[in-house]
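Number of protein chains: 4
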Amino acid sequence: MFTTETKIRVRYAETDQMGYVYYGRFADYYEVGRTEMIRNLSLSYKQFEDMGIMMPVLEMKIRYFKAARYDDLLTIKTSLEKLPIARIRFVCVIQNEAGEKLNEGEVTLVFTDSNTRKPTRAPDILIKALQPFF
Amino acid sequence: MFTTETKIRVRYAETDQMGYVYYGRFADYYEVGRTEMIRNLSLSYKQFEDMGIMMPVLEMKIRYFKAARYDDLLTIKTSLEKLPIARIRFVCVIQNEAGEKLNEGEVTLVFTDSNTRKPTRAPDILIKALQPFF
Amino acid sequence: MFTTETKIRVRYAETDQMGYVYYGRFADYYEVGRTEMIRNLSLSYKQFEDMGIMMPVLEMKIRYFKAARYDDLLTIKTSLEKLPIARIRFVCVIQNEAGEKLNEGEVTLVFTDSNTRKPTRAPDILIKALQPFF
Amino acid sequence: MFTTETKIRVRYAETDQMGYVYYGRFADYYEVGRTEMIRNLSLSYKQFEDMGIMMPVLEMKIRYFKAARYDDLLTIKTSLEKLPIARIRFVCVIQNEAGEKLNEGEVTLVFTDSNTRKPTRAPDILIKALQPFF
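Protein chains in written order, with the numbering used here: chain A, 1 to 134; chain B, 1 to 134; chain C, 1 to 134; chain D, 1 to 134.
Please note that the accuracy of each hint is not assured.
Because identical chains share one entry, a pair is satisfied inside a single copy or across any pair of copies.
[As the list claims (entries may be wrong)] Restricting the straight-line Cα-Cα distance to at most 20 Å, the calculated cross-link-like pairs of lysine to aspartate or glutamate (DMTMM-like) are:
| # | residue 1 | residue 2 |
| --- | --- | --- |
| 1 | K7 | E36 |
| 2 | K61 | E106 |
| 3 | K128 | E49 |
| 4 | K61 | D71 |
| 5 | K61 | E104 |
Hints were generated in silico from the structure; no laboratory data involved.
Just so it is clear, the structure is predicted and the values come from calculations on it, not from any experiment.
With these hints in hand, go ahead and build the complete structure from the sequences.
This is the structure:
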């Protein structure tokens, strides 16, 4: 398993008139978690795109327990539970400063050739970087 | 069962650098579907808020089949498969103009008292308006 | 002068915890106005992009008079006051259902070659379509 | 004059199909700059809201020089050039890691009583905290 933690501060633009972070904005936060996980491997998603690999999302699932609010400093825990092959599944947990779990979710992406727009395999550099953790 | 259809046109702001609608934006589209369903019952979500009822999201799940693109005219089909009690579960399907299913999902919301922020029951006016369809 | 009107319904996702539409979201609305103006000329911004022309924004200015709220049905009035050459300047006014002016602004975009990313001229098909109105 | 610097990393969700950060998203970034400036005074915008003061935006103006891209680490420089009375005017400059100015703008907000929704004066605690810098 490989896990990364990132901090994010809730922006005013992300709240809605209930006074909470809008439920759809967590998709953006989860993506920040994925980006930072890949950076922690000394790689970048940008690099994958430059290699001609895109990663559209196949499935997303979020369970909400508690609301996030403006200016909250959130912790995004992002984990990979197994090595990716054609797909990669990120497990995300968001906590507030009190350590309470606000929501958790999974996002599955599929490695795609940006020219043919067809599925492909996880790039070797990603597999190599992840192997020590599995 | 009660079903509503709404049309939505993809905005430039909703695309990302893959050239697709960003995966998280469909949460916003699904909400448009819910709003229009409630309007079709001659009710409004605003009205619920004025009655002191909020509806935070408990769970969201989306499966993505095909991308949506800038300026696509999408159809959002929103269905209720059973009468709500304390929770309400909307089933959403998004199609493009060719009738292809782009994604489908479920969003479960919980009726909440906006003062106590505790769960409550679906408002009577909603139940009454839905009953003929079940 | 050439003017177009479009209707837009405020989404929950676009509100913030003040209970108003977030001030930055009007940039998105103004873009909807521009898109619909081009469609009214039987052209599309997509078409320009396919021709290798991008239109990044050079300047935006908005003056806010009154707030927009969830579920408001807004009218976006978009005008061109002169024929574009290298730049195009859209003037936007947003009104609510009572006809009150909520905000007004200008957005100036520059025609850009998407390969060289250098400034270019407005496409001929756009000039031709606009000429009868000036 | 009082100036604050904050860093922000561009998220995938903020890009559009031009491959740039969508022009409207800088309104969100500028707000992050304002929030961090107030935090640097050991105050918070949340605190103002709790005191019954809201700060809707009166005017926004942005001039764009160069695009921001996914994963860029941006610097937001936020300045107050004079002490606020009934309004507060933030001047913002966004730079990339190479120190290039990407865009600059001004945002003017008006102190508003959240009950009466009428203009009011800048809270004393804000004036006191700013006075040493002017």
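### Query
Checking K61 and E104: alpha-carbon separation at most 20 Å within a copy, between copies, both or neither?
Cα proximity of K61 and E104: in one copy and across copies (8 Å, 12 Å).
### Message
As a check of your reading, is K128 near E49 (CA-CA no more than 20 Å) within one copy, between copies, both or neither?
### Response
Answer is within: at 18 Å inside a copy they meet the 20 Å cutoff, but 38 Å across does not.
### Query
For K61 vs E106, is the C-alpha pair at or below 20 Å within one copy, between two copies, both, or neither?
both (5 Å within a copy, 9 Å between copies)
### Query
For the identical chains here, do K7 and E36 meet the 20 Å Cα criterion within one copy, between copies, both, or neither?
Both: 10 Å inside a chain and 15 Å across chains, each within 20 Å.
### Query
Given identical chains, is K61 near D71, meaning Cα to Cα at most 20 Å, within a copy, between copies, both, or neither?
Answer is neither: 25 Å inside a copy and 25 Å across each miss the 20 Å cutoff.
In this structure, only the earlier hint numbered 4 is contradicted, and the remaining ones agree with it.
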